[in-house]
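There are 2 protein chains.
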Amino acid sequence: MGLDRVGIIGLGLIGGSIGLDLQAKGFEVCGLVNREKTATRAKERGLAQLVSTDPTIISDCSIVILALPLKQLIEPTEQLINALPLKAVITDVGSVKKPVLNKWRGLHPKFVASHPMSGTIKTGVEAGQRGLFKNKPWVATPDPTTDQEALNVIKNLAISLGSNWITTDADTHDQSVALISHLPVFISASLLKTVNKEKNNEVSVLAKTIASSGFEDTTRVGGGNPSLGVAMAMYNSSSILETLTSYRSSIDKFEQMIRNKQWKQLQKELEKTQQDRPDYL
Amino acid sequence: MGLDRVGIIGLGLIGGSIGLDLQAKGFEVCGLVNREKTATRAKERGLAQLVSTDPTIISDCSIVILALPLKQLIEPTEQLINALPLKAVITDVGSVKKPVLNKWRGLHPKFVASHPMSGTIKTGVEAGQRGLFKNKPWVATPDPTTDQEALNVIKNLAISLGSNWITTDADTHDQSVALISHLPVFISASLLKTVNKEKNNEVSVLAKTIASSGFEDTTRVGGGNPSLGVAMAMYNSSSILETLTSYRSSIDKFEQMIRNKQWKQLQKELEKTQQDRPDYL
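In the order they appear, the protein sequences are chains B and X.
Just so we're aligned: 4 in this note's numbering is position 4 of the first sequence, and the numbers increase by one with no gaps anywhere.
Just so we're aligned: 351 in this note's numbering is position 70 of the second sequence, and the numbers increase by one with no gaps anywhere.
Check before you lean on any hint, since a few could be wrong.
Stated by the list, open to error - Mimicking BS3-like on lysine-lysine, the simulated pairs with C-alpha atoms at most 25 Å apart in a straight line are:
#1 B/LYS197 with X/LYS542
#2 B/LYS199 with X/LYS379
#3 X/LYS534 with B/LYS208
#4 B/LYS272 with X/LYS480
#5 B/LYS25 with B/LYS122
#6 B/LYS134 with X/LYS489
#7 X/LYS553 with B/LYS197
#8 X/LYS436 with B/LYS208
#9 B/LYS136 with B/LYS122
In short, the hints are calculated from the structure, not lab data.
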């Protein structure tokens with residue numbers, strides 16, 4: 001078993017992109033997918049040297065990356081668990097870490113919970129691309145039971161893909177992504193819902209005609225993958241609900257300023273948001 | 282007085298961009314600005330053939346474009362009003378039309394209320410650029426008192442800049458821009474405010490580190506020009522307040538679905554927003 005044979009389960013945007021970059025770095029990559037059709041296309045695209053629907057394809061790998069949707073990570077099948085080599089280091093790429101860690105902590109001795117913060121609107125076997133992780137955060141959320149050597153293996157893997165390695169605890173991670181990634185989905189979807197329910201037909205038609213880049217930007221994440229939005233909501237409910245409560249009080253404050261014609265205060269607030277935004281870019 | 286001499290009052294993003302494109306189309310452009318320093322820079326940048334702080338610069342123009350901030354359009358100075366040639370066709374570029382039209386209807390017989398739907402984050406004399414209006418809507422909001430010939434002059438001007446000409450009434454315009462342009466500013470600023478008021482320091486620091494393109498997109502318009510946000514709120518208050526009420530009920534519905542674990546309904550709602558978004562692009 002060489003250190004440089006990496007298994008990737010799932011060759012969608014994240015799995016496929018990891019496969020492309022790792023091969024360019026000299027790793028041997030074995031891809032495990034669900035369907036023959038996906039396997040064929042993944043081979044054509046060169047997402048891995050070997051691609052199969054047969055779980056034994058990953059049995060010689062020293063690292064296995066579970067590049068699967070959240071639901072499959074949190075409710076893994078027996079078949080998936082049994083396919084993982086006991087001596088391999090395992091990591092996932094799920095965008096919520098506490099329920100993943102809670103599930104996998106007892107399932108595999110070398111499991112490391114992690115989350116590369118890269119994404120595009122694309123999904124599926126066509127989505128994988130080179131350089132997706134370059135200069136992007138890759139967050140790991142070890143707990144006291146996490147194997148330190150395994151953690152180091154994933155750290156080196158992430159760094160070899162050009163990511164910025166960050167470790168934190170799963171709670172802090174899940175609250176942070178609720179704020180900067182999950183809350184924006186529901187804010188943005190609510191804007192689309194609001195515009196769509198406009199009852200004045202002339203207003204509605206004109207809105208569709210004149211909407212420009214500002215509307216496009218603000219609605220991008222709300223018009224994204226519905227299943228991903230549902231998975232965030234299912235597995236990070238309490239943090240998202242907290243941020244929604246806080247968000248509503250922010251909206252209320254802006255509304256009050258407008259209703260009460262507090263223009264100086266509104267100017268100050270908007271100056272503050274303008275000043276603060278670059279901290280997040 | 283030739284038909285091809287155009288005066289532009291204000292040479293910021295919109296005025297400067299109009300100046301650059303009109304000159305390329307063979308028009309003679311005269312720019313009127315407030316400060317000597319701006320005049321010097323506008324000349325250096327070639328935003329108009331003639332630039333001055335002296336209002337008589339526009340006295341021979343057959344078209345005058347008021348490329349000024351909303352406040353100056355809605356509360357115009359005597360000096361501005363007196364500078365406008367009586368025989369010229371006048372238009373503005375304000376993003377709220379009802380108060381502009383209400384003010385100017387009685388001030389000049391050939392006033393046409395209009396609004397080119399183009400913008401970038403840039404402002405000031407450095408902002409003007411070629412091709413800003415190409416394939417973008419240019420909305421006019423005539424009322425029964427609007428001079429039809431004057432309306433045609435502005436229509437031809439907008440079309441010569443590559444814009445898509447649209448006419449509607451001022452109320453419909455103001456309600457539509459409230460939905461697709463003004464509401465997004467306050468939604469987006471509220472997200473920044475929510476993230477900024479996070480009290481858990483570890484969560485706050487991690488959020489700043491891992492925020493990525495989704496957060497960048499969703500906060501873009503909320504981190505824009507504060508004075509423009511205040512002007513929207515001041516002059517389009519009632520439409521914005523209506524959209525905020527409707528928006529809050531959308532947010533409430535998403536919150537209820539998450540709180541009540543209505544995942545199938547949430548999936549349907551997010552499928553709908555995903556399907557509907559392309560109508561606005």
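Item to check | Numbers of the earlier hints that this structure fails to satisfy, in rising order | outcome: Of the numbered hints, all hold.
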